[in-house]
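First to last, the sequence lines map onto chains A and B. Everything in the first sequence is counted per this note's numbering, starting at -14 for the first residue and increasing by one. Everything in the second sequence is counted per this note's numbering, starting at 404 for the first residue and increasing by one.
Possibly wrong hints are sitting among the right ones.
[What the hints assert, rightly or not] List of simulated lysine-lysine pairs, DSS-like, C-alpha gap at most 25 Å:
id: 1; chain 1: A; residue 1: Lys97; chain 2: B; residue 2: Lys651
id: 2; chain 1: A; residue 1: Lys111; chain 2: B; residue 2: Lys502
id: 3; chain 1: B; residue 1: Lys672; chain 2: A; residue 2: Lys97
id: 4; chain 1: B; residue 1: Lys488; chain 2: A; residue 2: Lys97
id: 5; chain 1: A; residue 1: Lys111; chain 2: B; residue 2: Lys470
id: 6; chain 1: B; residue 1: Lys508; chain 2: A; residue 2: Lys97
[As the list claims (entries may be wrong)] What the simulated footprint calls covered on chain A by chain B, stretch by stretch (three residues with Cβ under 8 Å from a Cβ of chain B suffice, anywhere in the stretch; the number is not a length):
id: 7; region: 92 to 100
id: 8; region: 203 to 211
Please keep in mind that the hints were generated in silico from the structure rather than gathered at the bench. No experiment lies behind these values; they were computed from the predicted model shown. Ideal placement from N, C-alpha and C gives every residue a C-beta, glycine not left out.
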Amino acid sequence: MIALPAAAQDAGTPMPGTLSAAYPGKAYSPYAKRKFPETPLWGDSHLHTALSMDAGLFGNRLPPRDAYRFARGEEVVSTTGQAVRLSRPLDWLVIADHSDGMGLFGDLAAGKPQLLAYEQGARWNKGLAEGGDAAVAAALDLITNFSQGKVEPALMALYSPGSKLYKNLWERVIDEAEAFNDPGNFTAFIGFEWTSLIKGNNMHRVVIMRDGPVRARQVVPFTMTAPQGSPDPRDLWKYLTNYEEKTGGEALAIPHNGNLSNGIMFPLEAQWNGKQLDETYVTQRDKWEPLYEATQIKGDGEAHPFLSPDDEFADYETWAIGNLDVSEAKTDEMLAGEYAREALKRGLAIETKLGTNPYKFGIIGATDSHTSLATAEEDNFFGKHTGYEPKPDRMSHAFMENENGKIMGWQMVASGLAAVWATENTREAIFDAMQRKEVYGTTGPRMIVRFFGGWNFTEQDANTRLLAVVGYEKGVPMGSDLRAMPEGAKAPGFMVYALRDPIGANLDRVQIVKGWLDTDGTTHEKVYDVAWSDSRVPGTDGKLPPAGNTVDVANANWTNTIGAAQLGTIWTDPEFDPKQKAFYYARVLEIPTPRWSTYDAFRYDIDLPEGAPTSTQERAYTSPIWYTPGS
Amino acid sequence: MKLPMFRKVLREPLLHFLAIGAGLFFLFGFMNGPAVDRPNRIIVTPGQVELLAENFSRTWMRPPSDKEMQGLIQGYLRDEVFYRKAVALGLDQGDNLIKRRLRQKLEFILEDVSALVDPTDEELTLFLQERAENYRQQPQLSFRQIFLSYDRRDDVLADAEDVLAQLRSGDNPEQLGDPTMLAAEFERTSQTDIERRFGDQFSRRIVGLPQGVWSGPVPSGFGVHLVLVRERVDARLPELGEIKEAVKRDWLVERRKALQDATFRELLKGYEVVVEPPAAPDHAASVAISAALPEAAAR
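Pulled out of the complex, with its shape left as it was, chain A reads as follows:
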């Protein structure tokens, strides 16, 4: 802060008497002068349409307009001819089609002669036209070639930055978003996915722009294929820097599926190419990547049981067989570079060494669905891609299979969504909330979660009828740094409240996950149960007993006879050490409900495949609140 004498401006020096009229003091009405968000806005930040090369090849025929109509709550007919509708509309959507090869599929379907001239183009065109299993085989072949960098260069050039065709396509993407963007009611962001793969190791990022067409048209998406593109995240950050400098706009990037990166998503020492992390890497990553997509159809990435052996809920919908195309098997050493909680811990250690925490991210969920349908609900799940839309055998087909292992259809996860605490439903307000990390992710249900950290919450605050007012007044919301520790304070307190999805399941418990760095540089974590239903008493091991399970597997049903509609408390860290860097985030668990596979078994009258769980405890993860000594 630079303190300017008021006289340096034109209005003269203000006297206290003249100012009091301008600032008449506390408003009588508690609802006046409130600028904080009242309700979270729900959306999917990561959806693919027929424009994505792989989505198209898997058979998706629904263009962006159908994806937007569906997200707005309209009924559409899926590619496989099934009528589908969301239980309630979303508030916003990011269509994030792969920038590499964007639109390639559409032209393959149209049999563009330029494409058929290539052996690969002709082959994929044929598989596509045949439909069914042949189309799926063609798609897998395409993904394999693409992820191993083996698509014919001349073919890729047509669908890359620099070609006129590519520019026209990008303008179409922008126009579609513009047609459906309806400030106040529904926000359609302009964005794309940058699909970086290093020998099948996933480093994908979704890029979201805050801006409208005027700025977005001044660039085209960044790709991963040379010479125009690059698989190095540092080059993506350069692209983003250039975007902001050139257009005056704003953009951010959201990585996902660290669980399929074989250890390179959250490096501790060396980047994917072996070079040491340096100051540029950590500051740029911190600047451009404020969020991480921690749960989606290809696995939940909050925690892994190998890394968090004391957390009985860590093994949730885990995909840990190999990298994205399973071309390399997973080893235990890779896991620490893959999961969100561990990354948050690593960030504290790196910050001590390099001065900036590169993994100071907020947490969201998204679908990454390739069907143009943002479905994350267990009872309304349309699968990863068109080949896995509802049908009797989708659970028992291998989703991925080779000598390194396999992932079955039933292992797809009906997840996730992002909730954004924005003050209004516009591109600007939602983007700004993402920037300040005032967001959280769920595995599909729409529970409402508030999480504040501060130094002077009292027990009494848990009973206020104006939770948010107290939360913002006395503390900071999710995604922030704790305010400086006041004299005499002993430990930070956290106000956490969760309200179940109005049409969903009751809540089992609210937990606070703490991670910290001790004085000799080792990271630690601990999960605290802080609020729970049904007056349960923790056992001698300190663990809260399970809430029970009302799931009727045969009829794919459950009852809200256990659990609570709302849970909340003020929790103070009992093991706080003011010398240790720490982060805290809340995890909210629902009572068990039928998993999507159980609905499939019931609706198609078939047996559940071996290994498929019958029920699931869906959850929400909030963005963390950080504590740094001496700040």
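Given the structure of chain A, go ahead and fit chain B onto it with the hints provided.
Frame of chain A, contents of chain B only:
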């Protein structure tokens, strides 16, 4: 199809389509003219060579060398020879790939044609009126709510009666009810939005509540609520001007579909469809066949 209003509009795009079809026929006839006269002659025109070179440079971002040019022409000749021989042998017959590809080409042309003419305001107004249900704006309510939790009270319904009596006698609502994350005040909120926040049981009940007095208890998935409806805005059909873009978007989607269907029926008239009876009488199959035939052909 019962879309009478489309008939007039359709007649024109259909005309466009037929005209374009005739144009294409003429164009291809002209380009391939000599070959039709003398089926064994393949002429490589300068225009053809240029097209080959252009395609090449678009892919490689540079013009072809002489050697590559020769290769391109060789490839073109090979294409032509094999293509003509294959057609002469009838290899294009009964090939689903080729059939689907040709059908697609026609459908793409139809898509383009259907976007040629913009709808007039009269057409859109009519469209809007015929589908009023899709565009009707829902009732909106402004209300205040107080929450009572099952988790905090032994007899919520009895408590609700007490609290309601206090509210009606003018007690301060800020001091009543249990803490909740639900907002207390809602301004002009649509019924759908209320449903999204409170569930459908609550949203159906609240639209029937009287205005200006505290009412309840109204149950929701969370517990029960006491509600003061302050204002009600009735459902209404917006003017075209307010939602023109949305109506136009839907209109175009329907026209595209209608044009494809109409074209199909128009073209179908040029064919006689004969459904041969199955060898063994199969009632189910014949029902399926007659159901699949559009009216025009069934007659």
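Hints and how they fare:
no., hint, in the structure
1, A:Lys97 / B:Lys651, "30 Å, violated"
2, A:Lys111 / B:Lys502, "13 Å, holds"
3, B:Lys672 / A:Lys97, "31 Å, violated"
4, B:Lys488 / A:Lys97, "23 Å, holds"
5, A:Lys111 / B:Lys470, "30 Å, violated"
6, B:Lys508 / A:Lys97, "11 Å, holds"
7, 92 to 100, "holds (count 5)"
8, 203 to 211, "violated (count 0)"
In the structure shown, a violation is registered for the earlier hints numbered 1, 3, 5, 8, in ascending order.
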